[in-house]
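Protein chains in written order, with the numbering used here: chain A, 1 to 85; chain B, 86 to 486; chain C, 487 to 840.
These are calculated hints, taken from the structure and not from any lab test.
Among the hints, erroneous ones may be present.
[Claimed, not checked] FRET-style restraints, in silico, Cβ to Cβ:
1) A:Asp-40 - C:Glu-686: 48 to 56 Å
2) A:Glu-77 - C:Lys-528: 34 to 42 Å
3) B:Val-209 - C:Glu-725: 51 to 59 Å
For each residue, glycine too, the CB sits at the ideal point set by N, CA and C.
Each chain, letter by letter, is given below.
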Amino acid sequence: MDEMIEKLKAEIIEQLNLVDINKDDIQADTPLFGTGLGLDSIDSIELSVLLERKYGVKITNSQEGKKVFQSLRTMAEFIMENQKK
Amino acid sequence: MSKNIYVTGIGIISAIGKNAEETLMSLRNKKSGIGKLHHIKTRHQQNLSVGEVPQTDEELKELCKAFADVIYTRTSLLGMVAVAEAFKSAAIVDVQEYKTGIVSATSVGGMGIAENFFSRYLDVNDNGDFLKNINTIDCSDSTERIADYLGIKDFLSTISTACSSSANSIMYGARLLQHGIVDRVVVGGTDSLSRFTINGFHSLKILDQQPCKPFDLNRNGLNLGEGAGFLVLETEKSLNGKNVLCKLSGYGNSNDAYHQTASSPDGAGAFLAMENAFRRSGLKAEDISYINAHGTGTEVNDLSEGLALERIFNKKLPPVSSTKSFTGHTLAAAGGIEAVLSILSIQNNIIYPNLNFKNQMPELGFSPAVNLDAYYNVKHVLSNSFGFGGNTSSLIFSKVN
Amino acid sequence: MKAFIRGTGIISPQHTFVTTEFLKEIVISDTNFLKCIEPSYKDYLDPVMARRMGRIVKMGIAAATEALKNAKIKMPDAIITGTALGCLGDTEKFLSAIIADDEQFLTPTSFIQSIQNTVSAQIALQLKCMNHNFTFVHKGFSFESALLDALMMLGENDAENILVGGLDEMTEKNLLIYSRLNNWKKENIRSNELFAQKTEGTIAGEGAAFFVLSKNPSSNDYAKLCGIKTIYNPSTPKEINIHIDTLLKENSLSTDDISLILYGMNGDTATDNFYSQIKSQFLPNTPSGSFKHLCGEYQTSGGFAMWMAAMMLKNQMAPAVVMHSSLPVILPIKSVLIYNNYENNHSLMLAEKV
Numbered sequence: 001m002d003e004m005i006e007k008l009k010a011e012i013i014e015q016l017n018l019v020d021i022n023k024d025d026i027q028a029d030t031p032l033f034g035t036g037l038g039l040d041s042i043d044s045i046e047l048s049v050l051l052e053r054k055y056g057v058k059i060t061n062s063q064e065g066k067k068v069f070q071s072l073r074t075m076a077e078f079i080m081e082n083q084k085k
Numbered sequence: 086m087s088k089n090i091y092v093t094g095i096g097i098i099s100a101i102g103k104n105a106e107e108t109l110m111s112l113r114n115k116k117s118g119i120g121k122l123h124h125i126k127t128r129h130q131q132n133l134s135v136g137e138v139p140q141t142d143e144e145l146k147e148l149c150k151a152f153a154d155v156i157y158t159r160t161s162l163l164g165m166v167a168v169a170e171a172f173k174s175a176a177i178v179d180v181q182e183y184k185t186g187i188v189s190a191t192s193v194g195g196m197g198i199a200e201n202f203f204s205r206y207l208d209v210n211d212n213g214d215f216l217k218n219i220n221t222i223d224c225s226d227s228t229e230r231i232a233d234y235l236g237i238k239d240f241l242s243t244i245s246t247a248c249s250s251s252a253n254s255i256m257y258g259a260r261l262l263q264h265g266i267v268d269r270v271v272v273g274g275t276d277s278l279s280r281f282t283i284n285g286f287h288s289l290k291i292l293d294q295q296p297c298k299p300f301d302l303n304r305n306g307l308n309l310g311e312g313a314g315f316l317v318l319e320t321e322k323s324l325n326g327k328n329v330l331c332k333l334s335g336y337g338n339s340n341d342a343y344h345q346t347a348s349s350p351d352g353a354g355a356f357l358a359m360e361n362a363f364r365r366s367g368l369k370a371e372d373i374s375y376i377n378a379h380g381t382g383t384e385v386n387d388l389s390e391g392l393a394l395e396r397i398f399n400k401k402l403p404p405v406s407s408t409k410s411f412t413g414h415t416l417a418a419a420g421g422i423e424a425v426l427s428i429l430s431i432q433n434n435i436i437y438p439n440l441n442f443k444n445q446m447p448e449l450g451f452s453p454a455v456n457l458d459a460y461y462n463v464k465h466v467l468s469n470s471f472g473f474g475g476n477t478s479s480l481i482f483s484k485v486n
Numbered sequence: 487m488k489a490f491i492r493g494t495g496i497i498s499p500q501h502t503f504v505t506t507e508f509l510k511e512i513v514i515s516d517t518n519f520l521k522c523i524e525p526s527y528k529d530y531l532d533p534v535m536a537r538r539m540g541r542i543v544k545m546g547i548a549a550a551t552e553a554l555k556n557a558k559i560k561m562p563d564a565i566i567t568g569t570a571l572g573c574l575g576d577t578e579k580f581l582s583a584i585i586a587d588d589e590q591f592l593t594p595t596s597f598i599q600s601i602q603n604t605v606s607a608q609i610a611l612q613l614k615c616m617n618h619n620f621t622f623v624h625k626g627f628s629f630e631s632a633l634l635d636a637l638m639m640l641g642e643n644d645a646e647n648i649l650v651g652g653l654d655e656m657t658e659k660n661l662l663i664y665s666r667l668n669n670w671k672k673e674n675i676r677s678n679e680l681f682a683q684k685t686e687g688t689i690a691g692e693g694a695a696f697f698v699l700s701k702n703p704s705s706n707d708y709a710k711l712c713g714i715k716t717i718y719n720p721s722t723p724k725e726i727n728i729h730i731d732t733l734l735k736e737n738s739l740s741t742d743d744i745s746l747i748l749y750g751m752n753g754d755t756a757t758d759n760f761y762s763q764i765k766s767q768f769l770p771n772t773p774s775g776s777f778k779h780l781c782g783e784y785q786t787s788g789g790f791a792m793w794m795a796a797m798m799l800k801n802q803m804a805p806a807v808v809m810h811s812s813l814p815v816i817l818p819i820k821s822v823l824i825y826n827n828y829e830n831n832h833s834l835m836l837a838e839k840v
């Protein structure tokens with residue numbers, strides 16, 4: 001799980017071009033949207049595409065997206081659950 | 086506004102008709118132009134509902150009797166068809182009789198061709214006639230082709246502010262007349278479908294696979310469309326007693342300054358644009374007979390626009406409808422196309438229905454008009470066009486007795 | 487219709503950004519491309535927004551911010567830009583992605599950023615400016631249309647201070663695409679020898695030039711913008727001259743009143759003859775200069791020229807690197823006329839000393 005989280009961290013930093021963000025500011029449970037990292041609706045689409053492209057897992061609607069993208073941990077959990085299927 | 090700005094000609098082509106007469110017929114018969122995509126090959130073909138102009142490029146060339154030796158993009162051809170109709174409708178025979186200009190608008194420009202040749206342009210070993218297409222890529226090309234086709238020389242410009250583009254062309258043209266830069270001006274916009282925009286909107290996840298449902302609780306996104314809509318604007322100076330279709334009595338442009346693509350939750354920019362249009366026209370909200378809304382069918386726009394309308398109309402709205410349920414969202418051409426529809430509404434005393442509407446949005450206290458009303462005394466029409474980049478524009482057209 | 491040029495912010499291939507010096511140290515290119523000298527954007531951009539921004543957007547915001555600062559204006563009454571190619575980098579990025587993955591896995595950022603009015607929109611977002619916001623995209627008329635929009639608004643009492651800009655970027659891909667149209671010189675030349683070459687083709691350029699135009703005078707003003715004319719597809723130099731005459735008459739001036747004229751010749755012998763004919767037939771006694779050996783050829787180079795005119799009028803100097811040596815400039819510099827073109831889009835701008 002920790003390995004997946006670290007991998008995801010690197011991937012979202014690249015995908016969203018978060019070059020000026022300190023890596024240590026993003027922990028496993030740091031809120032990605034709203035407060036915390038402060039990502040927006042365009043970023044959530046970017047993250048959906050990342051998940052589909054790199055892990056083959058699909059977000060079916062925006063409600064599901066809100067749950068999955070809460071933190072790196074929730075993203076990792078979603079990937080691990082759905083990759084098996 | 087010191088000089089009265091008159092509309093003396095209109096021209097339109099879209100999924101519901103290749104001229105004003107056909108367009109009106111489709112509207113009267115509640116016949117939407119939304120359907121499957123035919124002219125472009127894309128992976129998303131089966132999952133799209135679009136407002137495509139049925140004519141092929143060859144048929145469009147034939148329709149407007151385009152010059153044989155010029156490379157025309159589809160954007161140019163659509164524009165030429167519409168501007169030719171507008172000129173005829175304005176009874177312009179000698180373009181040089183008065184200082185005549187054109188202010189057009191486009192977002193796609195020549196991308197429809199460029200996207201098919203991009204890799205080949207970059208391959209230095211690949212040569213051929215296709216290299217001449219490079220000159221058609223940028224946004225000025227369609228304006229210049231239209232201008233050359235009709236002999237317009239005195240003033241040319243092109244605006245691109247996403248979905249409010251051609252509403253802004255209309256405003257700019259009106260101001261050119263006010264300042265005497267030109268005596269008459271063709272204003273509006275043209276856009277064709279392209280893989281670039283189809284993929285762009287698809288990536289934003291705001292396309293409805295089914296026909297769109299503006300202002301509906303269960304709306305699911307927009308349908309892309311294509312077409313062109315142009316007006317001829319003139320002042321007293323060049324009228325010479327000819328027939329006037331209506332007056333452009335007000336206009337306003339503002340910026341939402343909230344987010345790059347999403348409208349603000351309260352529609353602040355939309356409100357300001359409408360407020361500016363009212364101020365300039367000297368009219369009050371209660372003077373408006375019909376609102377032709379931007380109404381794309383996206384979750385965000387319809388809510389934002391709906392709230393702004395309620396605010397400016399103090400919750401007492403006249404009939405509202407979005408004609409994008411007929412034509413699709415024609416992007417930069419939307420302002421021009423919907424201006425023509427607003428003018429046809431005035432001329433024919435007709436209110437268009439908002440197709441596909443079933444359930445009211447809980448956040449709003451109004452529903453759009455679902456019935457065609459062919460006997461409504463339409464005096465003043467408010468037409469909204471809101472674009473990405475927070476660009477919000479409103480036009481008011483008024484009947485002239 | 488007149489306006490005061492109250493502030494400037496210019497990113498160009500020369501040292502023009504945040505400096506009081508006026509073309510003291512000249513940058514020369516030998517790659518047929520005069521590339522912009524870009525500032526550090528940290529002082530100008532919100533880092534959360536900046537991560538999405540293409541190069542031209544960053545240039546535009548930085549130049550616009552400096553123009554407002556220079557003019558001591560916090561909130562403009564309108565934001566108007568002209569850009570022929572818009573956000574070229576992002577357009578290419580999205581198009582390349584469509585082709586590379588056959589329309590799969592596309593992300594919206596570069597599509598959104600490719601939309602032509604992104605620069606105007608981002609400036610408005612950064613300033614929270616809800617006022618009039620237009621973007622013109624007509625090739626060599628883009629910047630001039632924007633200036634005209636500003637002049638009209640100021641004349642209508644609709645605004646006091648307007649932020650106007652003209653910008654275009656050059657990318658590696660576009661350099662290649664334009665080379666296929668034979669736009670550039672066949673061999674690499676030094677940019678300062680652009681007019682000595684006497685061959686076909688020109689050199690590429692780019693830039694972002696922003697100004698604050700004001701209705702009322704201030705102690706800050708560089709110059710007064712007195713008029714603009716755009717001329718589409720002129721068939722003879724005489725057509726240009728008729729417009730020059732009209733522009734001067736509108737300002738109660740004659741050709742003798744022009745202190746100097748800046749010509750937008752670009753070193754391409756196939757097209758520069760228009761300029762030499764105007765010069766010899768209609769303005770033989772007017773000191774002249776050029777600017778495309780400093781900024782390169784691009785659709786909104788009028789912005790660079792206007793900055794040069796403003797600086798000449800403010801500083802009362804005509805740098806030797808700009809001027810043709812044939813006729814010396816007589817001080818005081820009272821007025822500067824600019825005659826420029828990009829392909830069949832020709833334009834005139836007139837500025838006067840305040």
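For each hint, the structure was consulted:
1. A:Asp-40 - C:Glu-686: 48 to 56 Å: Given about 49 Å between the Cβ atoms, the range holds.
2. A:Glu-77 - C:Lys-528: 34 to 42 Å: holds (37 Å)
3. B:Val-209 - C:Glu-725: 51 to 59 Å: Violated, at about 38 Å.
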